[in-house]
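Student: Quick mapping for you: the protein sequence lines, in order, are chains A and B. Note that this note's numbering has the first sequence beginning at 1, numbered continuously upward. Note that this note's numbering has the second sequence beginning at 1, numbered continuously upward.
There could be a bad hint or two in this list.
Straight-line distance between alpha carbons at most 30 Å, and here's what the computed DSS-like set of lysine-lysine pairs gives [to be verified]:
1. A:288 <-> A:154
2. A:240 <-> A:89
3. B:463 <-> A:200
4. A:200 <-> B:359
5. B:359 <-> A:155
The hints are simulated quantities; they were obtained by calculation from the structure and are not laboratory data.
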Amino acid sequence: MKKFALPISFALLLAAAAVVWAKGPGGYPNAPITLVVCYSAGAATDFQARIVSMPAGNDKYFGEPIVIVNKAGAGGMTGWNWMVDRAGKDGLTMTAYNLPHLVAQALVQKPKFTVESFEPLANWGTDPAVLVVATDSPFKTVDDLVKFAKANPKKLTMNGAGLYVGHHIATLQLQKTAKIEVTYVPEQGAADAIASLYSKTVMAGFTNLADAYRAPDRLRVLAIADLKRHEYLPDVATLKELGYDIDNSSVNFRGFALPASVPQDIIEYAAKTVEAMFKDPMVVSKMKESGSPLNVMSREEVKKLFAQQKAVLTELLLTDKK
Amino acid sequence: MLETLSYLSFLADPYVLLVMTLGTLAGIFLGAMPGVSPTMAVALLVPMTFYMDPRTGLILLGAVYSSAVAGGGITAILINVPGAPASIATLLDGYPMAKKGRAWEALCITFWYSMIGGIVGVLAMIWFAPILANFAMNFGPAQIFWVTVFGITIISGLSGGAVIKGLFGGLFGMLLSCIGFSPMLGEPRYVFHDSLTSGIAIVPVLVGMFAIPQVLDLAENLHNLSGENRLRLMEQARAGGVRPRGTMLKIILNIRHWWKTVTCSLGIGLVKSVIPGVGANVVGLIAYDYSKRLSDNPQDWGKGEPQGVVASETANNCTVGPALIPLLTLGIPGSPTAAALLGGLLIHGLFPGPELFTKHREITLTFMAGLLAAQVFMFFGGMLISRYSQHITKVPALIMIAAVSVCAVVGSYGVQNSMDDVLIMLGLGLMTYVLLKLDFPVAPMVLGVVLGPIAEVNFLRGKLVAEAGDGMFQFFFTGGINITFIIICVLSICWGFFVEYRAYKSKKAAAEVQS
């Protein structure tokens with residue numbers, strides 16, 4: 001037995017080294033990863049985060065599962081505040097970011113985090129805001145809507161899933177470029193907003209493309225607030241095509257981020273792994289089946305996006321506010 | 001209907017049968033855990049259904065949802081802590097029953113009437129889905145606001161005689177619910193400490209207001225555990241573990257005395273559950289209050305009257321089916337639990353809406369049939385678990401104190417893995433203990449916390465829309481549903497006064513007779 005002791009322990013050591021080497025810097029991750037989702041269980045962000053993080057336990061990716069923890073409240077600020085306060089520097093606690101919510105809240109509501117508090121890893125999905133009315137609404141085009149709003153300042157009611165979310169930003173952009181004044185009604189969530197349209201409480205609204213796509217017989221989509229048309233709704237024109245100068249600042253981007261205090265090598269490693277994980281065939285097929293638009297973007301692309309959104313939103317929300 | 005029932009044949013598949021049984025038991029267990037609400041139970045299980053075929057997955061989610069709502073009753077009855085927000089009203093009479101050694105009876109009632117309520121709810125869903133969906137769409141901010149006000153008017157009935165204190169409690173609950181960022185304006189309110197930024201969640205409130213006073217109450221009585229007292233407690237404990245023969249039969253036959261309570265609760269459950277925004281939390285309380293007003297012996301309610309448990313459990317499980325109607329027909333999840341279920345549908349490419357009843361008819365009807373079967377499974381699963389859980393009543397006070405405290409801390413931490421919730425829970429618990437000593441009833445405070453935000457958000461939403469449209473008066477005071485609910489509110493308040501006055505007069509008469 002004794003003569004085997006040395007070779008065996010050597011082999012074990014090598015194996016251990018190989019495992020460490022196969023993983024990220026310093027053996028990262030050496031424990032399950034926690035993903036803090038700042039919206040309640042069952043909401044769109046939570047649902048999609050659960051799909052895209054499913055393959056994490058595979059040795060091709062982290063080799064450790066991703067456990068989702070919901071810290072909902074104050075439109076996402078509760079969870080992100082918590083990340084800044086208490087998430088460790090070991091890179092084992094990630095969060096799901098939601099643009100433009102995160103940037104808009106950091107600018108307007110002065111929480112504990114700034115845009116720079118987070119290092120994005122990769123983006124998994126985009127959900128552009130679309131301008132919708134109920135199918136039996138008198139408004140057939142965006143021009144109808146704007147004409148009504150011009151003739152009746154503040155009489156046009158529009159809703160969206162809350163304050164300083166993509167839908168709110170899109171409404172503000174439309175007001176600015178079309179030089180109209182509307183009444184914006186913030187709702188508790190996208191589902192409540194759509195319910196208000198059905199019940200004729202509110203005349204029009206911006207909502208998630210995915211939700212509008214799933215309800216073609218009940219909602220009329222007038223336009224999409226993005227730079228180009230979307231594959232789900234190829235017949236719907238962008239607001240830009242219709243002559244309203246609105247860019248993609250209101251598009252809802254979702255992805256993973258780590259606190260900026262995490263060491264750079266871990267961030268880089270995690271970014272690569274997360275990006276590859278989002279492209280896993282299982283993720284792609286499940287996202288497609290559930291009607292959730294997938295759009296994987298690398299860390300570099302998302303970093304640019306963060307900076308761009310910050311510039312646009314600073315101008316929109318802070319310079320000519322009130 | 002018959003078509004739906006024909007889909008019950010899936011039960012012949014042993015795999016589905018196994019999934020359903022396990023789902024039911026897991027649902028009851030999760031429901032009974034304070035801090036794990038039915039919503040969380042469903043959300044936890046949605047990823048598991050990724051690997052199942054759509055039918056099995058949905059049957060599992062349906063089973064978990066129904067049984068989690070009923071499971072909350074177990075803890076409400078046995079340890080005076082509601083396992084889920086929907087079972088608040090169950091403890092008002094369930095726990096006093098358990099203290100009198102009638103725990104088994106209360107548990108039998110819980111599961112039998114949960115099953116009846118559940119079946120009626122699911123049948124209503126199958127038959128009337130389109131009608132109820134259209135009805136739900138008539139509820140805008142103004143209507144929901146008045147429904148909420150109606151909910152607030154039942155405070156007098158829940159105050160156990162101390163109406164003024166009850167009203168103060170209700171107001172206090174509403175104030176508590178204001179803490180955090182205002183949902184409409186985004187301004188922070190009463191955030192004097194970091195723990196309060198996310199506001200006060202309902203689970204820490206429930207656990208704090210019910211569990212902590214319960215623990216302190218048990219601790220208070222520890223010192224006189226000697227001699228006679230000890231003997232009496234031992235007697236009680238022995239009685240607690242007993243399952244008298246024929247209890248079930250008695251309960252089933254008792255429907256001839258309890259029909260008023262049962263019909264009233266079913267009606268309230270059905271109507272309330274389709275109204276968006278007002279969840280199962282308050283349905284139980286409203287059904288409890290109205291059944292109490294209609295009953296022949298309102299003075300016994302709150303002291304261990306079986307009908308109290310009947311009302312609450314019939315109504316809260318009655319909401320399970322109808323609450324899914326807006327989700328299935330229009331794709332609008334009417335409650336957080338329905339939102340979690342939406343994930344289970346989407347993952348299999350099932351988009352809610354008319355397509356569910358045409359293209360995916362088979363799966364949808366199987367789901368409905370499964371939900372129906374789940375009610376029966378829930379009954380048997382519940383009885384099985386109750387058989388063992390009822391022995392909790394025999395646990396000595398010292399151990400109970402420790403166990404309930406642990407449950408309270410873990411339960412409130414578990415909601416969003418946050419120590420802040422634990423602090424809020426403890427703070428509210430201590431405060432409630434003091435308030436209870438001053439004879440403030442707890443139920444109105446909880447009602448305030450639940451209804452406050454709904455009333456506020458809908459009032460402000462309505463105000464925004466009204467000011468852009470025809471003006472406040474037009475918006476809030478015209479239209480059939482608005483006027484109906486305003487009249488119901490006024491009647492409800494008058495009735496409350498009348499009941500109080502009658503009680504006052506009979507008390508005075510009794511005092512005169514004595515002197």
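Student: Each hint should be assessed against the structure and marked as holding or not.
Tutor: Hint check:
1. A:288 <-> A:154: 39 Å, violated
2. A:240 <-> A:89: It is violated: about 43 Å lies between the C-alpha atoms, which goes past 30 Å.
3. B:463 <-> A:200: The hint holds at about 15 Å.
4. A:200 <-> B:359: It holds: about 28 Å lies between the C-alpha atoms, which stays within 30 Å.
5. B:359 <-> A:155: Distance of about 40 Å is beyond 30 Å: violated.
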